[in-house]
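Trainee: The lines below spell out each chain.
Number of protein chains: 2
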Amino acid sequence: MKRLGTQTIKLENPVSIIDTASIVGKKEGEGPLASYFDYILEDEYWGEKSFEKTESKILYETINKVLQKSKKTSSDINYILAGDLLNQCISSAYAIRDTNIPFLGLYGACSTMVESLSLGAILIDGGFANNVIAVTSSHFCTAERQFRFPLELGSQRPQTSQWTVTGSGASVLSNDGSGPKITTITTGKIIDMGIKDANNMGAAMAGAATDTIFTHFNETCRNIDYYDLIVTGDLGHIGSNLTNNMLNKIGVNIEQKFTDCGILIFDKEKQDTHAGGSGCGCCASVFSGYLYKKLKEREINKLLLIATGALMSTTIVQQGESIPGIAHAISIENL
Amino acid sequence: MKRLGTQTIKLENPVSIIDTASIVGKKEGEGPLASYFDYILEDEYWGEKSFEKTESKILYETINKVLQKSKKTSSDINYILAGDLLNQCISSAYAIRDTNIPFLGLYGACSTMVESLSLGAILIDGGFANNVIAVTSSHFCTAERQFRFPLELGSQRPQTSQWTVTGSGASVLSNDGSGPKITTITTGKIIDMGIKDANNMGAAMAGAATDTIFTHFNETCRNIDYYDLIVTGDLGHIGSNLTNNMLNKIGVNIEQKFTDCGILIFDKEKQDTHAGGSGCGCCASVFSGYLYKKLKEREINKLLLIATGALMSTTIVQQGESIPGIAHAISIENL
Numbered sequence: 001m002k003r004l005g006t007q008t009i010k011l012e013n014p015v016s017i018i019d020t021a022s023i024v025g026k027k028e029g030e031g032p033l034a035s036y037f038d039y040i041l042e043d044e045y046w047g048e049k050s051f052e053k054t055e056s057k058i059l060y061e062t063i064n065k066v067l068q069k070s071k072k073t074s075s076d077i078n079y080i081l082a083g084d085l086l087n088q089c090i091s092s093a094y095a096i097r098d099t100n101i102p103f104l105g106l107y108g109a110c111s112t113m114v115e116s117l118s119l120g121a122i123l124i125d126g127g128f129a130n131n132v133i134a135v136t137s138s139h140f141c142t143a144e145r146q147f148r149f150p151l152e153l154g155s156q157r158p159q160t161s162q163w164t165v166t167g168s169g170a171s172v173l174s175n176d177g178s179g180p181k182i183t184t185i186t187t188g189k190i191i192d193m194g195i196k197d198a199n200n201m202g203a204a205m206a207g208a209a210t211d212t213i214f215t216h217f218n219e220t221c222r223n224i225d226y227y228d229l230i231v232t233g234d235l236g237h238i239g240s241n242l243t244n245n246m247l248n249k250i251g252v253n254i255e256q257k258f259t260d261c262g263i264l265i266f267d268k269e270k271q272d273t274h275a276g277g278s279g280c281g282c283c284a285s286v287f288s289g290y291l292y293k294k295l296k297e298r299e300i301n302k303l304l305l306i307a308t309g310a311l312m313s314t315t316i317v318q319q320g321e322s323i324p325g326i327a328h329a330i331s332i333e334n335l
Numbered sequence: 001m002k003r004l005g006t007q008t009i010k011l012e013n014p015v016s017i018i019d020t021a022s023i024v025g026k027k028e029g030e031g032p033l034a035s036y037f038d039y040i041l042e043d044e045y046w047g048e049k050s051f052e053k054t055e056s057k058i059l060y061e062t063i064n065k066v067l068q069k070s071k072k073t074s075s076d077i078n079y080i081l082a083g084d085l086l087n088q089c090i091s092s093a094y095a096i097r098d099t100n101i102p103f104l105g106l107y108g109a110c111s112t113m114v115e116s117l118s119l120g121a122i123l124i125d126g127g128f129a130n131n132v133i134a135v136t137s138s139h140f141c142t143a144e145r146q147f148r149f150p151l152e153l154g155s156q157r158p159q160t161s162q163w164t165v166t167g168s169g170a171s172v173l174s175n176d177g178s179g180p181k182i183t184t185i186t187t188g189k190i191i192d193m194g195i196k197d198a199n200n201m202g203a204a205m206a207g208a209a210t211d212t213i214f215t216h217f218n219e220t221c222r223n224i225d226y227y228d229l230i231v232t233g234d235l236g237h238i239g240s241n242l243t244n245n246m247l248n249k250i251g252v253n254i255e256q257k258f259t260d261c262g263i264l265i266f267d268k269e270k271q272d273t274h275a276g277g278s279g280c281g282c283c284a285s286v287f288s289g290y291l292y293k294k295l296k297e298r299e300i301n302k303l304l305l306i307a308t309g310a311l312m313s314t315t316i317v318q319q320g321e322s323i324p325g326i327a328h329a330i331s332i333e334n335l
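Residue numbers (the working numbering), protein chains in the order written: chain A, 1 to 335; chain B, 1 to 335.
To be clear, the hints were calculated from the coordinates, so they are not data collected in a lab. Be careful, since some hints might not be right.
[Claimed, not checked] Below, simulated PhoX-like cross-link-like pairs (lysine-lysine); rule was C-alpha separation at most 25 Å, straight line:
hint: 1; chain 1: A; residue 1: Lys2; chain 2: B; residue 2: Lys69
hint: 2; chain 1: B; residue 1: Lys196; chain 2: B; residue 2: Lys10
hint: 3; chain 1: B; residue 1: Lys49; chain 2: B; residue 2: Lys26
hint: 4; chain 1: A; residue 1: Lys10; chain 2: B; residue 2: Lys49
hint: 5; chain 1: A; residue 1: Lys10; chain 2: B; residue 2: Lys65
hint: 6; chain 1: B; residue 1: Lys257; chain 2: B; residue 2: Lys69
hint: 7; chain 1: A; residue 1: Lys257; chain 2: A; residue 2: Lys196
hint: 8; chain 1: A; residue 1: Lys196; chain 2: B; residue 2: Lys49
hint: 9; chain 1: A; residue 1: Lys26; chain 2: A; residue 2: Lys257
hint: 10; chain 1: A; residue 1: Lys26; chain 2: A; residue 2: Lys196
hint: 11; chain 1: B; residue 1: Lys2; chain 2: A; residue 2: Lys181
hint: 12; chain 1: B; residue 1: Lys181; chain 2: A; residue 2: Lys2
hint: 13; chain 1: B; residue 1: Lys10; chain 2: A; residue 2: Lys2
hint: 14; chain 1: B; residue 1: Lys2; chain 2: A; residue 2: Lys72
hint: 15; chain 1: B; residue 1: Lys2; chain 2: A; residue 2: Lys2
hint: 16; chain 1: B; residue 1: Lys10; chain 2: B; residue 2: Lys26
hint: 17; chain 1: A; residue 1: Lys49; chain 2: B; residue 2: Lys196
hint: 18; chain 1: B; residue 1: Lys26; chain 2: B; residue 2: Lys65
hint: 19; chain 1: B; residue 1: Lys293; chain 2: B; residue 2: Lys69
[As the list claims (entries may be wrong)] Simulated restraints on C-beta separations:
hint: 20; chain 1: A; residue 1: Arg148; chain 2: B; residue 2: Tyr45; range: 28 to 34 Å
hint: 21; chain 1: A; residue 1: Gly251; chain 2: B; residue 2: Asn100; range: 21 to 27 Å
hint: 22; chain 1: B; residue 1: Asn218; chain 2: A; residue 2: Ser178; range: 33 to 39 Å
hint: 23; chain 1: B; residue 1: Gly320; chain 2: A; residue 2: Glu30; range: 30 to 36 Å
hint: 24; chain 1: A; residue 1: Arg148; chain 2: B; residue 2: Ser155; range: 25 to 31 Å
We put the beta carbon where it would ideally sit given N, CA and C, even for glycine.
Pulled out of the complex, with its shape left as it was, chain A reads as follows (with noise of 0.2 Å):
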């Protein structure tokens, strides 16, 4: 039996993760995690002349280094899962446009790196594919104009708001090859916090944060102690305070293995962030860069990774509605 409750299934064959490649911004190479991407930018363009069309680039070459990395060409790969935060999300179609594999295309806002490895592993496990990509990205100035202000305002930005990481992450699934596996993935429900604030994601996401992990723990009777870490996609300092202190009130103490990708990326002193980073390439660089490695090295063996979306959308919320939350999480090990 493959289900293991409403949300959670177990992967009969668990699907190896053969290997990971993330692309990052200035900013983002500036901070504590620098050593563990694969390359760092050194402006908000790489030669682009749109913030958009560098975003873009940025997924397209995570892409090929990924390729690259793993000693696959794009004719292996049977299935590309991508997705971010641009509208119709121009960053993953235009990149995925030049690359002719076979595109299914997501959107979960920052939840995306978690839902395009579930999907992928499932395609894997399933029987549908040998190998395949998934991969996000984001952009700090892209997603700054499209969902709060123009740039070139400089508006003062509040306590609460988080940092959009400018960066991609992706990963090769494989059913041959080793590397850390997927074995189990707990599929998110929608989840509105009834937060109206486009400046306090963390805050928004973090009902469906602890209502994912509550879930997972509950449906794989497995307890804190399985894992190594337990990593939120981006709900920063803010809302990994909050998910703390729910999952507590509900009997579950996850604090002393709980970070958060938002939290990791960016030095909270040096870089002044304010809440942390943000956007569908924190988790995914954070992931494919750090935490990887660190699985790969068995500094860490156990991991449970749970990606946050803010399904935020300027127009509806103008329109005076909140702001709903999900999360997806998979269980990564090394077996």
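Based on the hints, put chain B in the right spot on chain A.
Mentor: Below, chain B without anything else, positioned relative to chain A:
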């Protein structure tokens, strides 16, 4: 062996579409398929204060209708796969927020209906789910003001433009129960024909449709006679003609069996929609309303359904980029 070629897989256990539901707008309810839809709106708002909220309500009520028709409750559904045209897929997110079903968000523009049916069938055939809902929506007023001009401008529409369908269609896929079955899946690649005109979606998508249809026949080793009907998602009149012509040039003549959801849904002479219907809701409602009933009544026994999407974004088109297209195909058969 499940894999028939680079882009096509054959399901080991074909997946039943046990029921469908469709809700459409007033104009669609005045067209030739009126009698096939479950519910027809009386105006553009359906009691909501914005077109976006109306579109989300249409999608939500279509989910309720398909649950009711298939005699399922939301707790029977393991996953809901959905997406739409609006920025950050808000019609889907806000509708599904209230369903309590694990959610996998998709973005494939107007190809989303077949993308969701494809992934839904994969989840079931792979043993990951018993029941899945695949659903999408669109609304003329939300799409027009997001992608083109404010409605209040009353801009004249060029003859190449298509009319975004107001409507939604949903299917319940199941491993238990009767109904027409999804048997093969051909996942598309992104194809860019260099079209830069946001009012000529048919031309932008024709290349992708041609590629996927050609690949499907090539990889399944089927000939045109195998199918009773070959229906594209929403190429409309112009895109369908282009697809026919391009297929003819590479030696594939589907003309006798070929039509398009965007052609079927409106009366070309009386309804003044220029190049025909479009939007995620076009393929979704025509399949869920009209084609599914024809399959159930065995007037059609073998259908090739190809949903086509123009991966268009105003931002990047304004930056001078062309509009890439994608097309996903499934065969649906009475076995």
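Trainee: Taking the hints in turn, state whether each one holds.
Mentor: For each hint, the structure was consulted:
The hinted pair formed by Lys2 of chain A and Lys69 of chain B fails the criterion: a straight-line CA distance of about 28 Å is larger than 25 Å. At most 25 Å may separate the alpha-carbon atoms for a hinted pair to count; Lys196 of chain B and Lys10 of chain B exceed this at roughly 36 Å. The hinted pair formed by Lys49 of chain B and Lys26 of chain B meets the criterion: a straight-line CA distance of about 17 Å does not exceed 25 Å. Between the alpha carbons of Lys10 of chain A and Lys49 of chain B the distance comes to roughly 43 Å, so the proposed pair goes past 25 Å and is violated.
A threshold of 25 Å between alpha carbons decides the hint, and for Lys10 of chain A with Lys65 of chain B the separation of about 31 Å lies outside it, so the pair is violated. This hinted pair does not check out: Lys257 of chain B and Lys69 of chain B have alpha carbons roughly 30 Å apart, beyond 25 Å. Only pairs whose Cα atoms come within 25 Å are accepted, and Lys257 of chain A paired with Lys196 of chain A is rejected, the gap being roughly 30 Å. Between the alpha carbons of Lys196 of chain A and Lys49 of chain B the distance comes to roughly 18 Å, so the proposed pair stays at or under 25 Å and holds.
Only pairs whose Cα atoms come within 25 Å are accepted, and Lys26 of chain A paired with Lys257 of chain A is rejected, the gap being roughly 29 Å. A distance of roughly 31 Å separates the Cα atoms of Lys26 of chain A and Lys196 of chain A; the hinted pair therefore is violated under the 25 Å criterion. For the hint pairing Lys2 of chain B with Lys181 of chain A, the CA-to-CA distance comes to about 23 Å; that is within 25 Å, so the pair holds. At roughly 23 Å between alpha-carbon atoms, Lys181 of chain B and Lys2 of chain A fall within 25 Å of each other, so this suggested pair holds.
Straight-line distance between C-alpha atoms of Lys10 of chain B and Lys2 of chain A comes to about 22 Å, which keeps the hinted pair within the 25 Å bound. Distance restraint check for Lys2 of chain B and Lys72 of chain A: the Cα-Cα separation of roughly 22 Å lies within the 25 Å cut-off, and the hinted pair is therefore satisfied. The straight-line distance between the Cα atoms of Lys2 of chain B and Lys2 of chain A is roughly 20 Å, inside the 25 Å bound, and the hint therefore holds. Of the supplied pair hints, the one linking Lys10 of chain B and Lys26 of chain B is violated, its CA atoms being roughly 39 Å apart against a limit of 25 Å.
This hinted pair checks out: Lys49 of chain A and Lys196 of chain B have alpha carbons roughly 18 Å apart, not beyond 25 Å. For the hint linking Lys26 of chain B to Lys65 of chain B, the alpha-carbon distance of about 18 Å falls within 25 Å, and the restraint holds. Proposed proximity of Lys293 of chain B and Lys69 of chain B is supported: the alpha carbons are some 13 Å apart, at most 25 Å. Between Arg148 of chain A and Tyr45 of chain B the CB atoms are about 29 Å apart, so this pair conforms to the stated range of 28 to 34 Å.
The beta-carbon spacing between Gly251 of chain A and Asn100 of chain B, approximately 22 Å, falls within the hinted interval of 21 to 27 Å. The supplied range of 33 to 39 Å is met by Asn218 of chain B and Ser178 of chain A, whose beta-carbon atoms lie about 35 Å from each other. Against the hinted window of 30 to 36 Å, the Cβ-Cβ separation of Gly320 of chain B and Glu30 of chain A comes to about 32 Å, which satisfies the hint. Checked against the given bound of 25 to 31 Å, the beta carbons of Arg148 of chain A and Ser155 of chain B, roughly 29 Å apart, stay inside it.
Violated hints, listed in ascending order, are 1, 2, 4, 5, 6, 7, 9, 10 and 16; each of the other numbered hints is respected by the structure.
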